[in-house]
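From first to last, the protein sequence lines are chains A and B.
Going by our numbering, 14 is the number at position 14 of the first sequence; the sequence numbering is gapless.
Going by our numbering, 164 is the number at position 164 of the second sequence; the sequence numbering is gapless.
No wet-lab data here; the hints were simulated from the structure.
Some hints could be false.
Restricting the straight-line Cα-Cα distance to at most 20 angstroms, the calculated cross-link-like pairs of lysine to aspartate or glutamate (DMTMM-like) are [unchecked claim]:
1) A/Lys70 <-> A/Asp33
2) A/Lys131 <-> B/Asp171
3) A/Lys70 <-> B/Asp80
Partial chain B-side listing against chain A, Cβ under 8 angstroms, derived [stated by the list, open to error]:
4) Gly79
5) Leu81
6) Trp98
7) Leu156
8) Leu180
9) Ala189
Note that beta-carbon positions come from the ideal geometry of N, C-alpha and C, so glycine has one too.
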Amino acid sequence: MKHWTEGFDDDHADEPLVRPYTITGGRTAPERDDLTLITLVTVISEAPADNSAGMRRLQPEHRTILALCKQPLAVAEIASALHLPVSVTKILIGDLIEAGHVRSRPPLAFAQAGGLPGMSILEAVRDGLRKL
Amino acid sequence: MGFASSDHGARAPLAVKILIAGGFGVGKTTLVGAVSEVAPLRTEEYLTHASIGVDDLEGVGGKSTTTVALDFGRITINGDLVLYLFGTPGQERFWFMWNDLVNGAMGAVVLVDTRRLEVSFASIDFFESRGIPFVVGVNCFHGVRDRTQEEIRRALDLDPQVPLVLCDARDRAAGRDVLLALIDHLMAAHTRASAHPVS
Numbered sequence: 001m002k003h004w005t006e007g008f009d010d011d012h013a014d015e016p017l018v019r020p021y022t023i024t025g026g027r028t029a030p031e032r033d034d035l036t037l038i039t040l041v042t043v044i045s046e047a048p049a050d051n052s053a054g055m056r057r058l059q060p061e062h063r064t065i066l067a068l069c070k071q072p073l074a075v076a077e078i079a080s081a082l083h084l085p086v087s088v089t090k091i092l093i094g095d096l097i098e099a100g101h102v103r104s105r106p107p108l109a110f111a112q113a114g115g116l117p118g119m120s121i122l123e124a125v126r127d128g129l130r131k132l
Numbered sequence: 001m002g003f004a005s006s007d008h009g010a011r012a013p014l015a016v017k018i019l020i021a022g023g024f025g026v027g028k029t030t031l032v033g034a035v036s037e038v039a040p041l042r043t044e045e046y047l048t049h050a051s052i053g054v055d056d057l058e059g060v061g062g063k064s065t066t067t068v069a070l071d072f073g074r075i076t077i078n079g080d081l082v083l084y085l086f087g088t089p090g091q092e093r094f095w096f097m098w099n100d101l102v103n104g105a106m107g108a109v110v111l112v113d114t115r116r117l118e119v120s121f122a123s124i125d126f127f128e129s130r131g132i133p134f135v136v137g138v139n140c141f142h143g144v145r146d147r148t149q150e151e152i153r154r155a156l157d158l159d160p161q162v163p164l165v166l167c168d169a170r171d172r173a174a175g176r177d178v179l180l181a182l183i184d185h186l187m188a189a190h191t192r193a194s195a196h197p198v199s
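Model the full structure from these sequences, guided by the hints.
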């Protein structure tokens with residue numbers, strides 16, 4: 001995968017060609033606060049044809065997300081692929097959830113609640129790591 | 001709350017996360033890259049205004065946004081479970097996004113460099129104060145083992161229950177073993193919690 005800095009002029013690396021919030025129509029905060037860095041996003045069904053009413057309102061970035069999420073992908077992975085900040089990416093994903101194009105699966109919130117992951121998860125992770 | 005259950009037709013797997021923390025230059029991204037199934041990815045987030053001291057904005061003029069970068073990797077455990085590894089900056093000014101970073105995290109690995117132990121103090125404080133389980137990985141990639149484990153423990157003021165593991169962050173097997181040490185630590189905590197449930 002191309003590194004995000006490739007093709008960027010170093011002097012202007014902080015200045016994207018398009019201001020990210022232009023893509024979101026000026027919105028700076030996601031309407032939903034349930035998307036986390038590792039919330040997995042999956043396309044629900046085949047994206048509608050480009051000329052359908054639903055697709056015409058979508059930005060190219062929305063379409064890219066739909067193409068990426070044929071396999072479940074984390075919000076952070078989508079942001080990385082789009083070369084967009086996480087907060088901007090969350091707004092775009094929120095649009096697609098709203099429109100019924102994708103579904104999201106949040107992580108379990110164990111550490112935040114001071115709890116521990118279940119033993120079955122720990123065993124699965126241990127077994128998976130041992131195969132590395 | 002079984003992780004194998006799926007309330008979605010497409011059976012999206014469950015995502016879990018381990019944080020790889022520590023000060024600048026201790027080898028966080030190196031460790032992520034050593035064990036990840038993909039080359040480390042990078043994502044960015046805006047520093048919120050709330051996280052920037054008011055004084056800092058003076059004279060900034062039109063430059064209203066600053067971003068912080070996060071490097072992360074992925075290990076597909078099985079069809080039902082994906083493990084993400086997030087290299088997390090230890091500096092306080094990044095902590096505004098730690099709620100999101102901590103969400104879904106099983107625990108953390110705090111990497112330390114014996115030549116600069118102090119750069120990882122903030123990370124250890126963070127996890128201790130929030131009760132998030134962690135292990136300490138002593139990155140020996142420069143081949144220098146100039147301090148004993150006991151000396152490092154003392155210098156870090158480490159709780160005796162927190163495991164300390166020597167590792168080489170560049171090495172896949174060594175990186176895997178640090179992650180396994182965290183899983184063992186979590187399993188032990190689990191067993192203790194089941195034996196003596198907190199009322």
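Each hint, compared with the structure:
1. A/Lys70 <-> A/Asp33: 23 angstroms, violated
2. A/Lys131 <-> B/Asp171: 15 angstroms, holds
3. A/Lys70 <-> B/Asp80: The hint holds at about 16 angstroms.
4. Gly79: 10 angstroms, violated
5. Leu81: OK, holds: B/Leu81 within 8 angstroms of chain A, min 5 angstroms.
6. Trp98: 10 angstroms, violated
7. Leu156: With Cβ-Cβ at 21 angstroms, over 8 angstroms, it is violated.
8. Leu180: 5 angstroms, holds
9. Ala189: 6 angstroms, holds
Of the numbered hints given earlier, the model fails hints 1, 4, 6, 7; all others are met.
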